[in-house]
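> For the record, the sequence lines run as chains H, S, B, W, D, R and X. Taking this note's numbering as reference, the numbering of the first sequence is continuous, increasing by one, and the terminal residue is 300. Taking this note's numbering as reference, the numbering of the second sequence is continuous, increasing by one, and the terminal residue is 67. Taking this note's numbering as reference, the numbering of the third sequence is continuous, increasing by one, and the terminal residue is 67. Taking this note's numbering as reference, the numbering of the fourth sequence is continuous, increasing by one, and the terminal residue is 67. Taking this note's numbering as reference, the numbering of the fifth sequence is continuous, increasing by one, and the terminal residue is 67. Taking this note's numbering as reference, the numbering of the sixth sequence is continuous, increasing by one, and the terminal residue is 67. Taking this note's numbering as reference, the numbering of the seventh sequence is continuous, increasing by one, and the terminal residue is 67.
Read the hints as simulated data drawn from the structure, not as lab findings. These numbers come from a predicted model, not from an experiment. Check each hint, because a few of them may be wrong.
As the list claims (entries may be wrong) - Here are the in silico distance ranges between beta carbons for each label pair:
#1 R:E46 with D:E46: 55 to 61 Å
#2 H:P115 with B:V48: 26 to 32 Å
#3 B:V48 with H:P80: 39 to 45 Å
#4 W:T18 with B:V48: 40 to 46 Å
#5 S:S27 with R:E46: 54 to 60 Å
#6 R:E46 with W:T18: 20 to 26 Å
#7 S:D35 with X:N49: 36 to 42 Å
Glycine included, each C-beta is placed from N, C-alpha and C at the ideal position.
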Amino acid sequence: MTSAVETQRKIAPWKIEEVNTLKELLKSKPIVAIIDMMEVPARQLQEIRDKIRGKMILRMSRNSLIIRAIQELSEETNNPEFAKLTDYVEKGAAILVTDMNPFKLYKELEASKTPAPIKGGAIAPCDIKVQKGSTGMPPGPFLGELKSVGIPAAIEKGKIAIKEDKVVVKAGEVVSHKLATVLSALGIKPIKVGLNLLAAYEDGIIYTPDVLKIDEEEFISKIQNAYMHAVNISVNAAIPTKDTIELLIQKAFLNARAVSIESAFLTDKTASDIIGKAYAQMLSLAGKLSDDALDDELRE
Amino acid sequence: MEYVYAALLLHAAGKEITEDAVKSVLSAAGVDVDDARVKALVAALEGVNIDEAIENAAMPVAAAAPA
Amino acid sequence: MEYVYAALLLHAAGKEITEDAVKSVLSAAGVDVDDARVKALVAALEGVNIDEAIENAAMPVAAAAPA
Amino acid sequence: MEYVYAALLLHAAGKEITEDAVKSVLSAAGVDVDDARVKALVAALEGVNIDEAIENAAMPVAAAAPA
Amino acid sequence: MEYVYAALLLHAAGKEITEDAVKSVLSAAGVDVDDARVKALVAALEGVNIDEAIENAAMPVAAAAPA
Amino acid sequence: MEYVYAALLLHAAGKEITEDAVKSVLSAAGVDVDDARVKALVAALEGVNIDEAIENAAMPVAAAAPA
Amino acid sequence: MEYVYAALLLHAAGKEITEDAVKSVLSAAGVDVDDARVKALVAALEGVNIDEAIENAAMPVAAAAPA
């Protein structure tokens, strides 16, 4: 938002150029995303850039300039929805434009993230655990450090070893700086870093991570439930379909079989079952009697 | 099994399972009806709770045959 | 389920499962026959081996592999 | 099941399962014998190999409690 | 086994399982009755819950393997 | 199964399952609608508690304890 | 569940599950279509094979706990 004061101040040429460059970028592809790059170490960033080359264009810039570019473009194209992207510009923001739909984009960005150590002061995204066993480190001050963060440790076979599996911090809790150092020294990388999607715009709609996150397992489960519902009602309501006609026949048959056996009304298909049932009942009763009441055959 | 199906048909249709009803149904199917069998069917079904029997009808499943 | 019972009744009696046959049986049972349902059932049964279907119901199905 | 028990009793005793035999046994047990049911039973048992049916039943399987 | 069937038969018929009753049934079946066995049977049945025994009877899992 | 899914869709959407509604949905899906099948579907569902019908397992299975 | 039913309807009818197809079907069912949800559905299907999911669906039976 430009105030009256700002417009009177002279704006540095490079800034104007940057805003124009950004605007061109924003116009160039149908999907525009705001990315947070603050967490990414340089080497990893290069790896990620290699992965996404050709599929997306990423440009870091000052948040204020990004916001200005978005607003100006929104006004120029009379697209107020687009301007809402500015709500998501924060931290180490960058603009990403691509042809990929927001869901695919989210999936790819998540897939390009790599494990990294957690920093002191950060919130644990999940329970972080250390495992029992040797740390491989020779005896030294590290032993004390482990103990000072509550990890039971001792010297075993000449190396510092952790005595038992332990959850050192629970999801949602803050990781202390001391703990972060220890975890890092242990080679524990509990978080994933990479390009963090803050919001994506496509065709008048803004998508946020919660909407874009597709839980495939849950989805498969839903499909299976829907299918089961269809099969169930098809058979229960006797709605014949190609997929369920056999099941329907079987159910009708099994019902008839059950009634036949229950009523001891012998039919060609159930005579054996009924005889078998009577025999089994006889055996069961015989099993409760003492030997002298039984004949030789039954005594076994 | 046609005698039993006749009974279940009547039951599903909410009709009483009488000898006449069963005979009608079987004749309509072109069956050469054995009156004694119809009688036996109706007698055997007396006191049988068909809905319960059907509810307990299950597909037999055997644990995989032991090696 | 009465429509299915009617069809299986005819099958058990060795008769052909035609729309007319099914209608006869159901009418004899006092059912207010829905022609569309008869049609749909008879059509769905075309090409289906009822005996096989029934055999598969009677055979024990192997449960998941033993531990 | 009393009609079936009567038949299996005769079978276990090595006697022929005739309508008269079944009637005798049932009457002796004080059952109000339904001739049609006896007839149907004996007719249904014709051609059934009782020993085979018993052998197949001899596989011990615990009754399953429905979930 | 015929002795046990006799007991089941009387039970199914709702009759008391006495030595005389069992002897009647077995005689009617043409069995050469062993009085001592009948005595032992009736004694052994005292306190036995026949309905429970019947309910816990192992059910045949499937129809005998189709031909 | 598309006819059944059409019905389930309407039900999930809180709409009445009428012949017209089903036809609309199927046509929108590009299906060459068979009017008789639609009729049969709607008739079969009359009076049926759909929520119950979709949850009740089509076929209960009695697992046998391993031998 | 209506979005999933719509997808399965199209699948059962042998039609491609596109955003437009899903929207059509849902609109015809009187659903107030959420475009983002349609997109999410189609995107999710990119990684999921419906036939496989269905094949791995539990047998259309409810297994009863073995004794």
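> When you take the CB atoms of V48 of chain B and P80 of chain H, is the distance between them in 39 to 45 Å?
60 Å, violated
> If I claimed the Cβ atoms of P115 of chain H and V48 of chain B lie 26 to 32 Å apart, would that claim hold in this structure?
Cβ of P115 of chain H to Cβ of V48 of chain B: about 55 Å, so the range 26 to 32 Å is violated.
> Given a hinted range of 54 to 60 Å, is it respected by the beta-carbon distance of S27 of chain S and E46 of chain R?
Since the Cβ atoms of S27 of chain S and E46 of chain R sit about 29 Å apart, the hinted range of 54 to 60 Å is violated.
> Does the hinted range 36 to 42 Å hold for D35 of chain S and N49 of chain X at CB?
58 Å, violated
> The hint says 40 to 46 Å between T18 of chain W and V48 of chain B; measuring C-beta to C-beta, is that right?
The hinted range 40 to 46 Å holds for T18 of chain W and V48 of chain B, with Cβ atoms some 41 Å apart.
> Between E46 of chain R and E46 of chain D, does the beta-carbon spacing fit 55 to 61 Å?
56 Å, holds
> Quick one: are E46 of chain R and T18 of chain W within 20 to 26 Å, going by C-beta?
Check failed, 51 Å falls outside 20 to 26 Å.
Hints 2, 3, 5, 6, 7 from the earlier list are contradicted by this structure; the remaining hints agree with it.
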